[in-house]
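These protein sequences, in sequence, are chains A and B.
Each residue of the first sequence is one higher than the one before, counting from 6 in our numbering.
Each residue of the second sequence is one higher than the one before, counting from 21 in our numbering.
These are computed hints drawn from the structure, not numbers from a lab.
Some clues are possibly wrong.
Chain A is nowhere near these chain B residues, computed Cβ spacing over 12 Å in every case [unchecked claim]:
#: 1; residue: R23
#: 2; residue: A30
#: 3; residue: G77
#: 4; residue: P154
#: 5; residue: R181
#: 6; residue: A219
#: 7; residue: R226
#: 8; residue: H232
#: 9; residue: A279
#: 10; residue: Q286
#: 11; residue: L315
Short derived list, chain B residues pointing at chain A, Cβ under 10 Å [what the hints assert, rightly or not]:
#: 12; residue: E204
#: 13; residue: L208
#: 14; residue: A234
#: 15; residue: S278
#: 16; residue: I316
Note that the Cβ used here is the ideal one computed from N, Cα and C, for glycine as well.
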Amino acid sequence: MNARAAIAVESPPLPANSLWLLLGGFLGAVLLNAHHTALWCLPLALLAIAWRARGLRAPLRLPARFLRIGVALLLTLAVLASFHTLNGIDAGSSLLVAMATLKLSETSRRRDWLIILAAALFLLLAACLDGQALWRLPLYAAELWLLCTASYALGTDFEVARTATLLRRSGLSLAAALPFALLLFFFVPRLPGSFWVLPQRHEAFTGLGDEMSPGSISQLTQSGDAALRVRFDAAPPPAAERYWRGPVLHVFDGYTWRRQHAQVDRVPRLQFQGQAYSYAITLEPNQHNVLIALELPRGLPDELPNTFATFDYQLIAPAPSERAVSYRLQSYPQHRSLDPLSPAARRLDLQLPPNRNPRSAELAASLRQQAGSDVGLVDAVLEYLRRGGFTYTLEPPLLNLDSVDDLLFRTRAGFCGHYASAFVALMRAGGVPARVVTGYLGGSWNRYGGYLYITQADAHAWAEVWLEAQGWVRVDPTAVVAPGRLTQGLDELLPGAGGNGRGLMSSSWVVNAVQAWQGLNAWWQDEFIGFSFARQLALLERLGFRQHDLRAFALLLAASAGIWLALIAWGLRPRSRSPAGDGLSRSWRALERKLRRAAEPRAPHEGTMAYAERVGRARPELSSTLTALARRYARLRYGPAAGAAEFEQFQRAVRLLRVQPRRPRPH
Amino acid sequence: MNRLVDTVAAIERVIFGKGQQVRLCLTCLIARGHLLIEDVPGVGKTTLAHCLARVLGLEWTRVQFTSDMLPADIIGVSIFDRDTHKFQFRRGPVFTQLLLADEVNRASPKAQSALLEAMEERQVSVDGITYPLPEPFFVVATQNPHEQVGTYGLPESQLDRFLMRVSLGYPDRASERRVLLQGERRELLNDTPAVLSGAEVLNLQRQARSVHVAAALLDYVQALVAHTRVQLELGLSPRAAQGLLRAAQAWALIQGESAVLPEHVQIVFPAIAAHRLETRHGDGAAHGNEVADALIRAVPIPV
Chain A
6 MNARAAIAVE SPPLPANSLW LLLGGFLGAV LLNAHHTALW CLPLALLAIA
56 WRARGLRAPL RLPARFLRIG VALLLTLAVL ASFHTLNGID AGSSLLVAMA
106 TLKLSETSRR RDWLIILAAA LFLLLAACLD GQALWRLPLY AAELWLLCTA
156 SYALGTDFEV ARTATLLRRS GLSLAAALPF ALLLFFFVPR LPGSFWVLPQ
206 RHEAFTGLGD EMSPGSISQL TQSGDAALRV RFDAAPPPAA ERYWRGPVLH
256 VFDGYTWRRQ HAQVDRVPRL QFQGQAYSYA ITLEPNQHNV LIALELPRGL
306 PDELPNTFAT FDYQLIAPAP SERAVSYRLQ SYPQHRSLDP LSPAARRLDL
356 QLPPNRNPRS AELAASLRQQ AGSDVGLVDA VLEYLRRGGF TYTLEPPLLN
406 LDSVDDLLFR TRAGFCGHYA SAFVALMRAG GVPARVVTGY LGGSWNRYGG
456 YLYITQADAH AWAEVWLEAQ GWVRVDPTAV VAPGRLTQGL DELLPGAGGN
506 GRGLMSSSWV VNAVQAWQGL NAWWQDEFIG FSFARQLALL ERLGFRQHDL
556 RAFALLLAAS AGIWLALIAW GLRPRSRSPA GDGLSRSWRA LERKLRRAAE
606 PRAPHEGTMA YAERVGRARP ELSSTLTALA RRYARLRYGP AAGAAEFEQF
656 QRAVRLLRVQ PRRPRPH
Chain B
21 MNRLVDTVAA IERVIFGKGQ QVRLCLTCLI ARGHLLIEDV PGVGKTTLAH
71 CLARVLGLEW TRVQFTSDML PADIIGVSIF DRDTHKFQFR RGPVFTQLLL
121 ADEVNRASPK AQSALLEAME ERQVSVDGIT YPLPEPFFVV ATQNPHEQVG
171 TYGLPESQLD RFLMRVSLGY PDRASERRVL LQGERRELLN DTPAVLSGAE
221 VLNLQRQARS VHVAAALLDY VQALVAHTRV QLELGLSPRA AQGLLRAAQA
271 WALIQGESAV LPEHVQIVFP AIAAHRLETR HGDGAAHGNE VADALIRAVP
321 IPV
């Protein structure tokens, strides 16, 4: 009778709960990527997961190898057909979903399930790269927890632990890893411009564009998406001065306004006056490369190199931004042009398409005659707009190709773009250089975040006219048609706006909740997503490390990581050990070391007698000696108190034992 | 010691090729524990119990449990005596040294609990009078794990009263051949002599309790039991831990050792732990044994 035979068992099959956890984890990973993978990925994965889940209850026949190879080729082609590439995060994720799904059809052993687990973890990473909004954070955390639990369950040989126990333990492990992760997040250098920068994606964003055709819009969608957030160093400017300058439109073909991309002039000098406002802007991704700024900014943002200013005071970034960017600026609402208007700029801003909008041209000529001066013309046109029965609406009638004529003499209804377009056209027809400026107006104050929140619904268009005495002057024709637009948001202005869902916003606790959520999002965006290498250096500097003693910092980082790992190790130390290090265990370990060349070492749970018997079977010539030694050891360790003499005998016997490396040849 | 070797040999003359199980059964009885034999019909449960009783020289009774059984059918009943005008207690089958409770899970919970109370208390109380049961007193219960219709599975608290659960399993090829050649087992049983007696069994029980247990061994037993509590939602109870140690002592006695070694604990552990753990964590005897083996593998023996 030997103990070993009694306790040796076959390696049991994988515990069912680990497979359920794993399938659930894989499902979660696929769902988290569902919005950017190919459309067919989700149903395919769902089918495969359901099929495998059924297989956990009933035996399953896995498909043949050639079939799997064929399907693999087919799926690769499908990804190619969907994206025309295998590169990039969307195509890559789709391919990963497809191949992991296919892997389910040949998964039977632990190794295969581990591959599914790895694929799911990769998909989670892909989802993190793709979407970093705050609301996704709990989903990512839950998915990570699920996958870690699955990994935990797969790592055990037997199903003794309930899922709840596994969940608790993997949760504890993750919690223990969290301080370490935060340390890495804040202090491991993020090298800019490295290989992990994602390829650009080309998608249309709502908001301002390179051109504007007011006549083509019959319904202006009010998008509540964030456009920008502004944090002021001191008090924000009054509502009437919250003009956020964006793309400036010069070129008019009678229907559409476009930007002037070529620089027709150098940047005219300005004299800044009055109150200055310093602020930091976080600009959401958009489709143009103009950096939004409060009118008018002085200098360029330090945070974004290669930015430049244009002759019409736009700040241009090298490329449209793929993700949110932050920068600091200083602006002066009061300013004066110091340079005269250059002939090229004058030509550009007096340009009108010939033979278009004839009635407007007549109107402009007659107003010009009555008014006499440029300033008088501005007032006259504004007066015309105020008295002419014009109304403000977000659902204007469509205009024909002579859009200005159509608006002024037929429809008489429109929004900011219509009036800015008409005003500038009239000005130019009357001989006053003028241009359309697009951007945002106003914004709502978030008292939880302490910032101004500007949405795409705050998009606005106004005009700038050149008056010889004052330079460029902002004129907002919408203000005379709908005076409230300046000081109120669009919502309050429109009587019918209550029906489109945003009316809900009027109840105060909803406003509070929305603002609190936006504030939380802003904090997440600013502190975590926007945590760049520059911010990292700033943080280090605040902690007292200059750029040149980064070596000391690296040492400190390594030391603190080491301390944390040591703390974890201390927590994991074996608790109930017999008084180790006594002479008897030293002797026994010496014996085990000698026997290492004779047989496999003793497993931790293997009893000493069982071990001696096993080694004796492998090396019969040692058998009797070892049995006697193990017997003596057992007596010393587990028997009634033995004399010192017996221990010394044991010690001596172990010292004297010689184990040949090879089994001696039988004589 | 020789008497024990003879005892095992005598049983093995009737039950072929089941040396480990036979030793475990004997261990259980010497550790003063009750035994549950769980197996499919026809592998020799009853023969084993019968054989144990004969070889140990004990007085024994067999009760076939059925669903219409009443507690009185086990314990006994008070009958009014016309002559003395008093109630007189008629002792039931439980008043014996070895009670074979066949198919214990067929009886109603009420009847089961009457038996299980007797097992725990080693006495029976009827109408306020307490009758002690004979010494030694063993219950060897059998149940068929695969039969589910019309049975009342023993609840956890009652399973806990059985020190060990042993499964015989099918015989190997050679043993089955011998069974086929041997003919009627009943005759074999009748020829089996009693090796021990009730008094000697009691004596062995006393000896087992005095087998040396070192502090290092207690450390190991505690580590093993503690690990069941860490690894599982519900681990082994202190009563089970006590039983584990008693059984390991009895096993050491049968092996002729003067002290308990960790190996002894490992051998008896599945028989003691499996039925206590499996009802809480899964199904089937094989599963309980797997859990027990895995637990053993997970706890190192300090040297």
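Going through the earlier hints one by one, which of them does the structure break, listed in rising order? 8, 9, 10, 11, 12, 13
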